[in-house]
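Fit chain B to the known structure of chain A by using the hints.
If you want the building blocks of each chain, they are given just below.
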Amino acid sequence: MPFDTESLARRFHRLAPAVDYCALRVVEEHSQTVAVRQDIAQPAATTVDAGAMVTVFDGDGVGYAASSDLSDAGLAWAIGRARDWARLARGRSVFDGAAPRLPRPRGRYASPTARPLDWRKADRIETLMRESRACRLDARIVDWEASLWTIRTRQLSLTADGAADGEFALQEFDFTIPGLHVVAHDRGLTQIRSWGGRYNGFCQQGGVEVLERAGFAGAGAATAEQALQLLAAPNCPSGTIDVVLMPDQMMLQIHESIGHPLELDRILGDERNYAGTSFVTLDMFGSYRYGSPLLNVSYDPTRGEQFASFACDDEGAPAARTLLIDRGVLLRPLGGASSRQRARRLGAELDAVATTRACAWNRPPIDRMSNLNLEPGASTLEEMIAATELGVLMQTNRSWSIDDSRNKFQFGCEWGRMIRDGQLAEVVRDPNYRGISATFWRSLAQVGDAATMAVMGTPYCGKGEPNQAIRVGHASPACRFTAIDVFGAEA
Amino acid sequence: MNDLFFSMAQYAIGRLAGAETLLANFAGEATDFVRFNHARVRQPLTVRQAQLKLSLIDGRRRDNTTLALSGEPQRDRASIDQALEAMRGELASLPEDPYLLYATDAAVSDRQSSGRLPQAEQAVEAITRAGAGSDLVGLLASGPIYRGFASSHGARHWHAVDAFLFDWSLYHAADKAVKSAWAGSHWDDEELQRRIDAARSQLACLALPARRLAPGAVRAYLSPAALDELAAMLSWAGVSEKAQRTKQSCLQRLVDGEARLAPQLTVTEQADSGLAPAFDESGFVRPATVTLIDRGRHAGSLVSARSAREYGLEANGADDDEGAQSLAIAAGSLPAQQALAALDTGLWVGNLHYLNFSDRAHGRITGLTRFATFWVEAGRIVAPVEVMRFDDTLYRVLGSELEALTSTPEWTLDAGSYGQRSVRSSRVPGALLSSFTLTL
Numbered sequence: 001m002p003f004d005t006e007s008l009a010r011r012f013h014r015l016a017p018a019v020d021y022c023a024l025r026v027v028e029e030h031s032q033t034v035a036v037r038q039d040i041a042q043p044a045a046t047t048v049d050a051g052a053m054v055t056v057f058d059g060d061g062v063g064y065a066a067s068s069d070l071s072d073a074g075l076a077w078a079i080g081r082a083r084d085w086a087r088l089a090r091g092r093s094v095f096d097g098a099a100p101r102l103p104r105p106r107g108r109y110a111s112p113t114a115r116p117l118d119w120r121k122a123d124r125i126e127t128l129m130r131e132s133r134a135c136r137l138d139a140r141i142v143d144w145e146a147s148l149w150t151i152r153t154r155q156l157s158l159t160a161d162g163a164a165d166g167e168f169a170l171q172e173f174d175f176t177i178p179g180l181h182v183v184a185h186d187r188g189l190t191q192i193r194s195w196g197g198r199y200n201g202f203c204q205q206g207g208v209e210v211l212e213r214a215g216f217a218g219a220g221a222a223t224a225e226q227a228l229q230l231l232a233a234p235n236c237p238s239g240t241i242d243v244v245l246m247p248d249q250m251m252l253q254i255h256e257s258i259g260h261p262l263e264l265d266r267i268l269g270d271e272r273n274y275a276g277t278s279f280v281t282l283d284m285f286g287s288y289r290y291g292s293p294l295l296n297v298s299y300d301p302t303r304g305e306q307f308a309s310f311a312c313d314d315e316g317a318p319a320a321r322t323l324l325i326d327r328g329v330l331l332r333p334l335g336g337a338s339s340r341q342r343a344r345r346l347g348a349e350l351d352a353v354a355t356t357r358a359c360a361w362n363r364p365p366i367d368r369m370s371n372l373n374l375e376p377g378a379s380t381l382e383e384m385i386a387a388t389e390l391g392v393l394m395q396t397n398r399s400w401s402i403d404d405s406r407n408k409f410q411f412g413c414e415w416g417r418m419i420r421d422g423q424l425a426e427v428v429r430d431p432n433y434r435g436i437s438a439t440f441w442r443s444l445a446q447v448g449d450a451a452t453m454a455v456m457g458t459p460y461c462g463k464g465e466p467n468q469a470i471r472v473g474h475a476s477p478a479c480r481f482t483a484i485d486v487f488g489a490e491a
Numbered sequence: 001m002n003d004l005f006f007s008m009a010q011y012a013i014g015r016l017a018g019a020e021t022l023l024a025n026f027a028g029e030a031t032d033f034v035r036f037n038h039a040r041v042r043q044p045l046t047v048r049q050a051q052l053k054l055s056l057i058d059g060r061r062r063d064n065t066t067l068a069l070s071g072e073p074q075r076d077r078a079s080i081d082q083a084l085e086a087m088r089g090e091l092a093s094l095p096e097d098p099y100l101l102y103a104t105d106a107a108v109s110d111r112q113s114s115g116r117l118p119q120a121e122q123a124v125e126a127i128t129r130a131g132a133g134s135d136l137v138g139l140l141a142s143g144p145i146y147r148g149f150a151s152s153h154g155a156r157h158w159h160a161v162d163a164f165l166f167d168w169s170l171y172h173a174a175d176k177a178v179k180s181a182w183a184g185s186h187w188d189d190e191e192l193q194r195r196i197d198a199a200r201s202q203l204a205c206l207a208l209p210a211r212r213l214a215p216g217a218v219r220a221y222l223s224p225a226a227l228d229e230l231a232a233m234l235s236w237a238g239v240s241e242k243a244q245r246t247k248q249s250c251l252q253r254l255v256d257g258e259a260r261l262a263p264q265l266t267v268t269e270q271a272d273s274g275l276a277p278a279f280d281e282s283g284f285v286r287p288a289t290v291t292l293i294d295r296g297r298h299a300g301s302l303v304s305a306r307s308a309r310e311y312g313l314e315a316n317g318a319d320d321d322e323g324a325q326s327l328a329i330a331a332g333s334l335p336a337q338q339a340l341a342a343l344d345t346g347l348w349v350g351n352l353h354y355l356n357f358s359d360r361a362h363g364r365i366t367g368l369t370r371f372a373t374f375w376v377e378a379g380r381i382v383a384p385v386e387v388m389r390f391d392d393t394l395y396r397v398l399g400s401e402l403e404a405l406t407s408t409p410e411w412t413l414d415a416g417s418y419g420q421r422s423v424r425s426s427r428v429p430g431a432l433l434s435s436f437t438l439t440l
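Just so you know, the protein sequences line up as chains A and B, in that order. Numbering-wise (this note's numbering), the first sequence opens with residue 1 and increments by one. Numbering-wise (this note's numbering), the second sequence opens with residue 1 and increments by one.
Wrong hints could be hidden among the right ones.
Pair ranges (Cβ atoms, derived) [what the hints assert, rightly or not]: (1) S113/B to S7/A: 33 to 43 Å; (2) S287/A to L213/B: 28 to 38 Å; (3) Q82/B to S7/A: 16 to 26 Å; (4) A214/B to R115/A: 50 to 60 Å; (5) P209/B to G91/A: 33 to 43 Å; (6) R60/B to G462/A: 35 to 45 Å; (7) P103/A to S93/B: 39 to 49 Å; (8) G462/A to S93/B: 32 to 42 Å; (9) P215/B to R115/A: 33 to 43 Å; (10) D165/A to E125/B: 34 to 44 Å; (11) L213/B to G91/A: 37 to 47 Å; (12) S114/B to G462/A: 42 to 52 Å; (13) Q82/B to E382/A: 52 to 62 Å; (14) A30/B to G91/A: 18 to 28 Å.
Residues from chain B that face chain A, not an exhaustive set, calculated with beta carbons under 10 Å [what the hints assert, rightly or not]: (15) D63; (16) D175; (17) L355; (18) A361; (19) R370.
Computed far set for chain B versus chain A, every beta-carbon distance over 12 Å [claimed, not checked]: (20) R15; (21) A106; (22) Q112; (23) A183; (24) A243; (25) P263; (26) Q264; (27) A278; (28) R297; (29) L340; (30) T345; (31) A378; (32) E410.
Just so you know, these hints were derived from the structure itself, not from any lab. Using N, Cα and C, we set each Cβ at its ideal position, and we do this for glycine too.
One chain only, chain A, in its complex shape (with noise of 0.2 Å):
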């Protein structure tokens, strides 16, 4: 049942305290996934979700308390606790004196959907159908699976002092997220090829013209052949040679080796007991070089399609392209006002973006990537593969492990194509490169042009504890490193 916003925005007001400062975040989300495997179809799941976040500060205390009760006596059980837990906080919280002074949310928001993709769980079937059916190419063909899964997301957030003035900001999020993967084995030889990579790299806002620009329709067929090429290709060879990738591991690269490291929660400590920490330092900002010149990359809520656009973030502040490595140079990290005025009392000024967020109405906000883009350059792919004397333009992430500052990284990928003299010549297998973030960026050699770009995401970015899954977006071109360290598969 969908939440009634007036009604919650008074029945907050009313059950408020005086504080200073308490806000409710309402999260209503409507999810239904199918899949076909083996041209069976999978049992269909439906998930209807729907429950409350009240944050308090008090002094320099904060507070939380999420529950899936939205009656008056859930909302005040929830305001009592976290009015509870910023007591106990005051004056032994990392805020130190000061509580951080946030935003009214407000504004509106709704993903830009075209088409809405509200089929029947029998059409939907129907058309992973179609697709499964094409994969079954050959008999070494043992395993194929498509989905859908599609993400109907209502998000009311509001202060205590906004709603007495009938300030708030509702959101409205379409998601569709399509996946398909093969595998294919002959003779102890085993290769998985996927669309989109085994984490839903398609994923976007919006209905049916989501699977229409990722080109669904035929991702079997191709997937499956594609994956027969690998069991007949050769190890990726070993040595230290150019790579070109592709958007469908520039998304992984971008993530793991600029985005986590630029987390502003992250830099201050918070992840140290789980995720990690980070080689950045508040120092960097303004004058590290990051990478080469040609390295430009943005944080951007503003493209319609991309998973993680929004208008405002869940610590209330509006939504804006933001600029955070510009050529090479890195400008300012992922943290939104909280962050920024923890770092802001170690003496460091830096901008702040709104990007701190929750997975879900359980868990309270923290610093995520949301869209964090490379923008284009000037090459096309032709160039940059003309420009290689040996290399291997490698596609679709498929293996990912980075060291807890976020340097040492070793990633795989599912398809390879060795370059020679300028030209694409054979397909390998189990190409992987390692390398470290800080030096890694500086061999950016070329950067593809907008023909180039592609637009992906994952629904799984992972940090937090408690542990949060969020949805982000990676918009990258193709591009071209130098002299990286490549290796295959074990003999």
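Same frame as chain A, but now just chain B:
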């Protein structure tokens, strides 16, 4: 929560029509999460959540809806009615499921384990006091966890445990820290102090000048926490029957008889220990033990209800993901207090981080060292080491290069809390390796 679940399940069952069958699964918790940084309070939070998953079955057709329960009976009954109506409206149009399998008996079980959990004020006071003067980072998660299953065949299963997990690190500087975890059901301020003091006493070793190692093979000891990270990879398309049948398992060479692991390695799923419920999502009771690897040889897999029907096997308590809930590696013969001496000269690995497959088909895994990892010479810690990447295979680490396992496995509760607190746990020993491959 017990009343909430069974009353709503019974209400849903009472709304069935014709020959319909209903399965109801419940997951709930009331958790205090207190997050710390620099031994100060970062984000304290209480979450109350209750989820009811309804599976409506008619013949061989099945549909599922998971609802957030508010605790208000009228509202929840209305949600159930809406869900049943929506599923009923589409059920006839869904394809039949040839692999549908669920328990049809009227089994009943009731496990309730209560403890002495800390009150909010007590926890904040105890941790900030015990951690004062230290750079303490971590999370306390405390409160009851609930799981339930009911069916229109009369099955009624309930599982309620009081549990806490304090998972924390004490930092010396930069990335040098000692990681600890304390899980249980009875909180004790003095025990907390003892554990934090014990961790603090290890910080002195981290203050020594750090050593940077060169890539190559080294002799190594993996602490139980480090071996646990490797063991967890077995639940990622490893011990799953489906993964093994479709040639995707990281243990595929073992399964296909092309390779063996060390004869001292025996791995089981122990449903009779840990926090996980004794029943699976299809209503089957989990067997006490499932042997997965027996003295280095493939011995079994985790089989969900779907896989059981698909491959003509007995289900053995696995949920759909066919990952372990209570993994155990059998004890070895090396006394833990002799591990340092037995290592002699090599790498003492306190923890591993961010593991992933670099070549799943060959069981090759990569990851990083983390936290209290030291260089050891002649049985003495001489220096912490700068973070190193390893890349090695299960057939070496748990096979040809495994010299010994320690005699006292340690129990670890999974600290994961994506969506809800994890009930997974493991019991693994430490491992002494002749060779461990570092790459960067």
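Here is how each hint holds up against the structure:
no.	hint	in the structure
1	S113/B to S7/A: 33 to 43 Å	holds, 40 Å
2	S287/A to L213/B: 28 to 38 Å	holds, 32 Å
3	Q82/B to S7/A: 16 to 26 Å	holds, 19 Å
4	A214/B to R115/A: 50 to 60 Å	holds, 58 Å
5	P209/B to G91/A: 33 to 43 Å	holds, 38 Å
6	R60/B to G462/A: 35 to 45 Å	holds, 36 Å
7	P103/A to S93/B: 39 to 49 Å	holds, 48 Å
8	G462/A to S93/B: 32 to 42 Å	holds, 36 Å
9	P215/B to R115/A: 33 to 43 Å	violated, 53 Å
10	D165/A to E125/B: 34 to 44 Å	holds, 39 Å
11	L213/B to G91/A: 37 to 47 Å	holds, 44 Å
12	S114/B to G462/A: 42 to 52 Å	violated, 32 Å
13	Q82/B to E382/A: 52 to 62 Å	holds, 55 Å
14	A30/B to G91/A: 18 to 28 Å	holds, 27 Å
15	D63	holds, 5 Å
16	D175	holds, 6 Å
17	L355	holds, 7 Å
18	A361	holds, 5 Å
19	R370	holds, 6 Å
20	R15	holds, 16 Å
21	A106	holds, 23 Å
22	Q112	holds, 23 Å
23	A183	holds, 15 Å
24	A243	violated, 9 Å
25	P263	holds, 23 Å
26	Q264	holds, 24 Å
27	A278	holds, 23 Å
28	R297	holds, 19 Å
29	L340	holds, 24 Å
30	T345	holds, 24 Å
31	A378	holds, 29 Å
32	E410	holds, 19 Å
In this structure, the hints that do not hold are numbers 9, 12 and 24, in rising order.
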